[in-house]
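Number of protein chains: 2
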Amino acid sequence: MEDTVTILKVKESILEDNDADAEVLRGTLKDEHTFYLNLMSSPGSGKTSLLKQTISRLKDRYAIGVMEADIDSDVDARAIASLGVKAIQIHTGGMCHLDADMSRQGLKEIGSKDLDLVVLENVGNLVCPAEFDTGAHKNAVILSVPEGDDKPLKYPLMFEKADAVIINKIDAMEVFDFSIEKAAQYIHMRHPDIPVFAVSAATGEGIDAWCRWLEEQIRGEQA
Amino acid sequence: MEDTVTILKVKESILEDNDADAEVLRGTLKDEHTFYLNLMSSPGSGKTSLLKQTISRLKDRYAIGVMEADIDSDVDARAIASLGVKAIQIHTGGMCHLDADMSRQGLKEIGSKDLDLVVLENVGNLVCPAEFDTGAHKNAVILSVPEGDDKPLKYPLMFEKADAVIINKIDAMEVFDFSIEKAAQYIHMRHPDIPVFAVSAATGEGIDAWCRWLEEQIRGEQA
Numbered sequence: 064m065e066d067t068v069t070i071l072k073v074k075e076s077i078l079e080d081n082d083a084d085a086e087v088l089r090g091t092l093k094d095e096h097t098f099y100l101n102l103m104s105s106p107g108s109g110k111t112s113l114l115k116q117t118i119s120r121l122k123d124r125y126a127i128g129v130m131e132a133d134i135d136s137d138v139d140a141r142a143i144a145s146l147g148v149k150a151i152q153i154h155t156g157g158m159c160h161l162d163a164d165m166s167r168q169g170l171k172e173i174g175s176k177d178l179d180l181v182v183l184e185n186v187g188n189l190v191c192p193a194e195f196d197t198g199a200h201k202n203a204v205i206l207s208v209p210e211g212d213d214k215p216l217k218y219p220l221m222f223e224k225a226d227a228v229i230i231n232k233i234d235a236m237e238v239f240d241f242s243i244e245k246a247a248q249y250i251h252m253r254h255p256d257i258p259v260f261a262v263s264a265a266t267g268e269g270i271d272a273w274c275r276w277l278e279e280q281i282r283g284e285q286a
Numbered sequence: 064m065e066d067t068v069t070i071l072k073v074k075e076s077i078l079e080d081n082d083a084d085a086e087v088l089r090g091t092l093k094d095e096h097t098f099y100l101n102l103m104s105s106p107g108s109g110k111t112s113l114l115k116q117t118i119s120r121l122k123d124r125y126a127i128g129v130m131e132a133d134i135d136s137d138v139d140a141r142a143i144a145s146l147g148v149k150a151i152q153i154h155t156g157g158m159c160h161l162d163a164d165m166s167r168q169g170l171k172e173i174g175s176k177d178l179d180l181v182v183l184e185n186v187g188n189l190v191c192p193a194e195f196d197t198g199a200h201k202n203a204v205i206l207s208v209p210e211g212d213d214k215p216l217k218y219p220l221m222f223e224k225a226d227a228v229i230i231n232k233i234d235a236m237e238v239f240d241f242s243i244e245k246a247a248q249y250i251h252m253r254h255p256d257i258p259v260f261a262v263s264a265a266t267g268e269g270i271d272a273w274c275r276w277l278e279e280q281i282r283g284e285q286a
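Those protein sequences? They're chains A and B, same order as listed. For what it's worth, our numbering labels the leading residue of the first sequence as 64, then goes sequentially. For what it's worth, our numbering labels the leading residue of the second sequence as 64, then goes sequentially.
Heads up, a few of these hints could be off.
Chain copies aren't distinguished; within one or between two, either way the pair holds.
Unchecked claim - EDC-like mimics (lysine to aspartate or glutamate), calculated; alpha carbons at most 20 angstroms apart, straight line:
#1 K224 x E95
#2 K74 x E194
#3 K115 x D213
#4 K245 x D137
#5 K115 x D240
#6 K93 x D164
#7 K176 x E244
#8 K245 x D179
#9 K201 x D213
#10 K201 x D84
#11 K72 x D240
#12 K176 x D137
#13 K224 x D234
#14 K72 x E86
#15 K171 x D196
#16 K245 x D234
Keep in mind the hints are simulated off the structure, nothing from the lab. Given the structure is predicted, the values throughout are model-derived calculations rather than measurements.
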């Protein structure tokens, strides 16, 4: 348990070809047997809450680190560090995305070599983060019920880039007009056949299925 | 009532000094007695729903136009046009913000000269839109209850730039751990004394107070 967390101010990359750099980073991490997950969503969709549920289920089997990207503040990193896993806060200095080199700065700081799983909690945003390959092995996107089932229509690139979508806050389904079927249909218009997990990070419902998928990805990358 | 809406693809500004350009635009609009409101929020916070409630209360007294900015899709503009007010869809071509010159392209297309109130529904995003002055007379930000009351801590610039904050989805207060007092406190850390309206765009609760404030701003600008 830590009272303070490391805050890393990342610098914008000077590399012109981020896609190539991301491929290099992905390969390096694979050689080191570190699985790198990029978790994206709107502000307030429950990234930190989902991570808490995920960490509590996986932390006995995997060495986990979390990089909390934020414009400012360190509230999320403190919440994660209190679970007893490695957590650092990455400040982007106003930028709304992270690229591969910024990822690399964070991974070095968190000591990814000694970790099985590193999760990047990206800046809360459905636009810019999707435009930059962070070097992650997989991208997961959270869509929360109060946001509405039409978001894959409005933010196509984010859902194109996703390898899995987690529909969070299903405990609030009664209050909001949200159809999981419709959401899944719109998601699959953007990226056919990717898994869609309906969960409540508040109650824990559906989290096991998401964790099973994540473990399969970790094992696949380490194989 | 229209079945189709105009979709305008705006081009990125070539002007270097957006702030100066925004001041020019603001002055032109004032001379034309057009009040220009920039409405911002996360995706799915209820911008379109709030606008529908607002339009139904004000459309008999003001000539209103709405510019729906979106990466893609025209679902919002169609929803607004069905209320019988002018609506156009602005496609930003992947960009997550609008600047003053992009605003100007939209205002020309919608015919702002003949309108008393033009609302820009900005791209759903708490980061980039705050970084660019659109030339609007006032900026309003929606924070929805499911997003959490800590958002002003995490997205400081958005709340600094706000002239009013609307806390939406208060009908969902029972499901979420959200304190209006805390949210207001955090908002006022960023921008002291700005009005905070607690509303439900679903039930209509609190919308009258927001509309009164908006009418005061329109009258102030036209005076």
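Hint by hint, here is what the structure shows:
| no. | hint | in the structure |
| --- | --- | --- |
| 1 | K224 x E95 | neither (24 angstroms within a copy, 44 angstroms between copies) |
| 2 | K74 x E194 | both (18 angstroms within a copy, 19 angstroms between copies) |
| 3 | K115 x D213 | between (27 angstroms within a copy, 17 angstroms between copies) |
| 4 | K245 x D137 | between (36 angstroms within a copy, 18 angstroms between copies) |
| 5 | K115 x D240 | between (27 angstroms within a copy, 17 angstroms between copies) |
| 6 | K93 x D164 | within (16 angstroms within a copy, 46 angstroms between copies) |
| 7 | K176 x E244 | neither (40 angstroms within a copy, 44 angstroms between copies) |
| 8 | K245 x D179 | neither (35 angstroms within a copy, 38 angstroms between copies) |
| 9 | K201 x D213 | neither (23 angstroms within a copy, 28 angstroms between copies) |
| 10 | K201 x D84 | within (16 angstroms within a copy, 42 angstroms between copies) |
| 11 | K72 x D240 | neither (40 angstroms within a copy, 31 angstroms between copies) |
| 12 | K176 x D137 | neither (24 angstroms within a copy, 46 angstroms between copies) |
| 13 | K224 x D234 | neither (27 angstroms within a copy, 33 angstroms between copies) |
| 14 | K72 x E86 | neither (23 angstroms within a copy, 33 angstroms between copies) |
| 15 | K171 x D196 | within (18 angstroms within a copy, 37 angstroms between copies) |
| 16 | K245 x D234 | within (18 angstroms within a copy, 24 angstroms between copies) |
In this structure, the earlier hints numbered 1, 7, 8, 9, 11, 12, 13, 14 are contradicted, and the remaining ones agree with it.
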